[in-house]
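Chain S is fixed; fit chain V onto it per the hints.
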Amino acid sequence: MNKPVNPTEVQLGDDGPLYAPQKKVYPQSVSGTFRRTKWGLMAFCLGVYYLLPFVRWNRGLGAPDQAVLVDLPNRRFYFFFIELWPQEVYYFTGLLIVAALTLFLMNAVGGRIWCGYLCPQTVWTDLFYAVERWIEGDRRERMRKDAAKGTMKLERFAELLLKHSIWLMIAWWTGGAWVLYFNDAPALVWQLVTFQAPAIAYIWIGILTATTYVFAGWMREQVCVYMCPWPRIQAALTDEWALNVTYKYDRGEARTSLKKANELRALGHPVGDCIDCYQCVAVCPTGIDIRDGSQLDCIQCGLCIDACDAVMTKIGRETRLIGYDNDINIHRREAGKPPIYRLVRPRTIVYAVMIAGVGAIMLYALLNRTLLDVNVLHDRNPVAVKLSDGSIRNAYTVRLLNKRGFDRVIAIDVDGPANATLHVVGADSVTQDRPMIVLARDTTTELRILVTAPAENNPEKSIPVHFRVTDIGLGEVASATDHFVSP
Amino acid sequence: MTKHSDIDHVSGTATTGHEWDGIKELNTPLPRWWVITFYATIVWAIGYWIVYPAWPLLWSHTTGIWNYSTRAEVVTELANLEKVRGAKMATLGSAPLAEIEKDPALLALARASGKTVFGDNCAPCHGTGGAGAKGYPNLNDDEWLWGGNLEQIMQTIQYGVRSGHPKTHESAMLAFGKEGVLKKDQIVTVANYVRSLSGLSTSPGYDASAGAKIFADNCASCHGDQGKGNQELGAPDLTDKIWLYGSDEATLVETISNGRSGVMPAWVSRLDPSTIKALTVYVHSLGGGK
Numbered sequence: 001m002n003k004p005v006n007p008t009e010v011q012l013g014d015d016g017p018l019y020a021p022q023k024k025v026y027p028q029s030v031s032g033t034f035r036r037t038k039w040g041l042m043a044f045c046l047g048v049y050y051l052l053p054f055v056r057w058n059r060g061l062g063a064p065d066q067a068v069l070v071d072l073p074n075r076r077f078y079f080f081f082i083e084l085w086p087q088e089v090y091y092f093t094g095l096l097i098v099a100a101l102t103l104f105l106m107n108a109v110g111g112r113i114w115c116g117y118l119c120p121q122t123v124w125t126d127l128f129y130a131v132e133r134w135i136e137g138d139r140r141e142r143m144r145k146d147a148a149k150g151t152m153k154l155e156r157f158a159e160l161l162l163k164h165s166i167w168l169m170i171a172w173w174t175g176g177a178w179v180l181y182f183n184d185a186p187a188l189v190w191q192l193v194t195f196q197a198p199a200i201a202y203i204w205i206g207i208l209t210a211t212t213y214v215f216a217g218w219m220r221e222q223v224c225v226y227m228c229p230w231p232r233i234q235a236a237l238t239d240e241w242a243l244n245v246t247y248k249y250d251r252g253e254a255r256t257s258l259k260k261a262n263e264l265r266a267l268g269h270p271v272g273d274c275i276d277c278y279q280c281v282a283v284c285p286t287g288i289d290i291r292d293g294s295q296l297d298c299i300q301c302g303l304c305i306d307a308c309d310a311v312m313t314k315i316g317r318e319t320r321l322i323g324y325d326n327d328i329n330i331h332r333r334e335a336g337k338p339p340i341y342r343l344v345r346p347r348t349i350v351y352a353v354m355i356a357g358v359g360a361i362m363l364y365a366l367l368n369r370t371l372l373d374v375n376v377l378h379d380r381n382p383v384a385v386k387l388s389d390g391s392i393r394n395a396y397t398v399r400l401l402n403k404r405g406f407d408r409v410i411a412i413d414v415d416g417p418a419n420a421t422l423h424v425v426g427a428d429s430v431t432q433d434r435p436m437i438v439l440a441r442d443t444t445t446e447l448r449i450l451v452t453a454p455a456e457n458n459p460e461k462s463i464p465v466h467f468r469v470t471d472i473g474l475g476e477v478a479s480a481t482d483h484f485v486s487p
Numbered sequence: 488m489t490k491h492s493d494i495d496h497v498s499g500t501a502t503t504g505h506e507w508d509g510i511k512e513l514n515t516p517l518p519r520w521w522v523i524t525f526y527a528t529i530v531w532a533i534g535y536w537i538v539y540p541a542w543p544l545l546w547s548h549t550t551g552i553w554n555y556s557t558r559a560e561v562v563t564e565l566a567n568l569e570k571v572r573g574a575k576m577a578t579l580g581s582a583p584l585a586e587i588e589k590d591p592a593l594l595a596l597a598r599a600s601g602k603t604v605f606g607d608n609c610a611p612c613h614g615t616g617g618a619g620a621k622g623y624p625n626l627n628d629d630e631w632l633w634g635g636n637l638e639q640i641m642q643t644i645q646y647g648v649r650s651g652h653p654k655t656h657e658s659a660m661l662a663f664g665k666e667g668v669l670k671k672d673q674i675v676t677v678a679n680y681v682r683s684l685s686g687l688s689t690s691p692g693y694d695a696s697a698g699a700k701i702f703a704d705n706c707a708s709c710h711g712d713q714g715k716g717n718q719e720l721g722a723p724d725l726t727d728k729i730w731l732y733g734s735d736e737a738t739l740v741e742t743i744s745n746g747r748s749g750v751m752p753a754w755v756s757r758l759d760p761s762t763i764k765a766l767t768v769y770v771h772s773l774g775g776g777k
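These protein sequence lines are chains S and V, in that order. Letter 472 of the first sequence, counting from 1, is numbered 472 in the working numbering, and no numbers are missing. To convert, take the position in the second sequence, counting from 1, and add 487; that gives the working numbering.
None of these hints come from the bench; they were simulated from the model. From the three backbone atoms N, C-alpha and C, an ideal C-beta is built for every residue, glycine too. Keep in mind that the hints are not guaranteed to be accurate.
Stated by the list, open to error - Sample of chain S residues with no beta-carbon within 12 Å of chain V, all distances over it, derived: (1) 42; (2) 152; (3) 192; (4) 200; (5) 229; (6) 251; (7) 297; (8) 336; (9) 383; (10) 438.
Unchecked claim - The calculated SDA-like cross-link candidates involving lysine to any residue, where the alpha carbons are at most 25 Å apart (straight line), are: (11) 589/V - 470/S; (12) 589/V - 374/S; (13) 602/V - 426/S.
Chain S on its own, in the form it takes in the complex:
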């Protein structure tokens, strides 16, 4: 029969359970190089995000003057001097490729720079932590207050109410800034304030308020640890030369308290620099111990470096017991060799070259893109028409794209069938020899064009026909090819 087994003796897999209940993290305030960098980048990122919709850019009369605007109803995307049409969405593909490669390059150089400093999850969580610290106090105070939750006083209740109100206001502002990218910002702000804005604007603000509040206020490091795919991909993409936030155990071990270390040193025992003060753990926004080594939960924000440096300075030891480093250098130091850093290596070169390559292709495509374009669609039914004098006529639907911000006059020429004549349905007959059409600014114009040619001059069943569109003023030319078919 079953032999009783003590539950504590049961061997679970080395990986532990797949999910652990969230343990609330209480990061302690810290100051230093990396904290200052993070404040600076946070201010920059949030500044760009919140203020960019208000930047104006003059595109001429009738065109929107917002520098960055996604105009969904009119199917246009504006980015400073660039205006993209829906069919040019491949520029975004290029942008995404460059973004991915930049992420890889950052990872090859300095590990999870994105996670630690730039990711919206990090930036907003950091901001929410700052609010929490400002209202509730630092780590110990917050832990004490949370522990005493059974006996909540009015003062504590007011504190929590204030914290969540500020969080919600930030979240609301975040959602508000988002919708400003989709409409004229100053006008929309006024509409929002006077409750005149379209319902969809309020719905999106609501959705993004909710996600910001929940992600940055409640889920925090859980998003990084359980939801985000990047830590998994990053682990697969990194190599032994990448600099990661590392506890230099060659120097730190064995960990000993300050007092004990002196005694042991006096006795001639080897002792490490780590005094086991747990300051690196206290400041960690994901609540981990960096001394356990490189791990998925570590977003590599560098705050533990600041915390450890402060302690090392205080006790008069060399700083950077935790720092950007890798295992190669730890082993080299253990072996008594000087550390080496290889920022320039095949991996970083390949990423840099790929970024430059894709960037150059995009730039070339952008500078050489056509601002005048023509598409031709041959009538399918009937394909060809015989006229009373025996000549043949083909009809085409011609779409003309004027991507410039002003109206312009174009001329249409057709080559291919011998002795062909051209007729644009609805255009003035005076200009039919070489039809001239006005293309309105920033729109597509659709024309029905009839090409007629004598049958005896065009015996072939199918002849290529070229439609050439010339801007009379600028000389810009666009062309398209189709076929002229005999019945």
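Leaving out everything else, chain V in the frame of chain S:
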């Protein structure tokens, strides 16, 4: 749920108390959130039954307190669509026919709306692109039986051809053979004469002067002395390259013997004036419009 407090030694989980050959079943209840969601869906379903049509009855069904029906929704949407289109179609209706093609916006509207109406009403005979078929005129070419300017096209659409409407195009071609006006050999001769008008070959032994005389006596009153046709009477031009029924001798003999009187319905009573206008502009813009 279970009151058993038997704890499994390995996992530390309570068992259900069931045991088979020494194997015990662990009591692993569903997560609370799952159970709550499950009950919530049941409550939701009951609410659904109350407000929406749900249960079939013998001859009907429960309608729900919101009186929702997809059919009513379609009716509303169609009414809304009508409202949206109404204003534009009214502009089209009030614009002079000749002005529509000069205004790009009106032209686009007329062509788009005309194309749909054409597909619904005209395509069965004239083809989806207006290319026609034997006996059904091609509307893309420049030959018109009853005239190809905007007013003439509109009149033909409104009242049709031999449609029975008081204002319709009435005249028809006489069945020269069936009615005994011409004999068989005369018909063959005049058929060859008609072929010669547009430069087509004639049969050996054909008498051109006899053909010309028969034509002048019988056909010229409608088709004209030169065979150029007459749009007042719907008589086609016999000198050009377009043939509604065919240009070979046998077909021409059949045409002359039995006459031709193709029919087109009058649309004035079926389509509203704005739609007929759109249709007129669409047909005119196919390419043959005068």
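Okay, the hints, checked on the actual structure:
For residue 42/S, the requirement that its beta carbon stay farther than 12 Å from each beta carbon of chain V is met, with the minimum near 35 Å. Its beta-carbon lying about 25 Å from the closest one in chain V, residue 152/S satisfies the requirement of being farther than 12 Å from that chain. Its beta-carbon lying about 28 Å from the closest one in chain V, residue 192/S satisfies the requirement of being farther than 12 Å from that chain. The claim that residue 200/S lies off the interface holds: its Cβ sits roughly 19 Å from the closest Cβ of chain V, which is beyond the 12 Å cut-off.
Residue placement check: residue 229/S keeps its beta carbon more than 12 Å from all beta carbons of chain V (closest about 24 Å). No Cβ of chain V approaches the Cβ of residue 251/S within 12 Å, the least distance being about 42 Å, so the stated non-interface status holds. Here residue 297/S stays apart from chain V, with its beta-carbon at least about 24 Å from theirs, past the 12 Å limit. Every C-beta of chain V lies more than 12 Å from that of residue 336/S, the closest at about 50 Å, which supports listing it as non-interface.
The beta carbon of residue 383/S is not kept farther than 12 Å from every beta carbon of chain V, the shortest such distance being approximately 9 Å. The Cβ of residue 438/S does not lie farther than 12 Å from every Cβ of chain V; its closest approach is about 9 Å, which violates its non-interface assignment. For the given pair, residue 589/V sits about 23 Å from residue 470/S by alpha-carbon distance, which is consistent with the 25 Å threshold. A hinted pair counts as satisfied when its Cα atoms are at most 25 Å apart, and residue 589/V with residue 374/S qualifies at roughly 22 Å.
Taking the CA atoms of residue 602/V and residue 426/S, the gap is about 16 Å. The hint holds against a cut of 25 Å.
Against the hints set out earlier in the document, violations occur for numbers 9 and 10.
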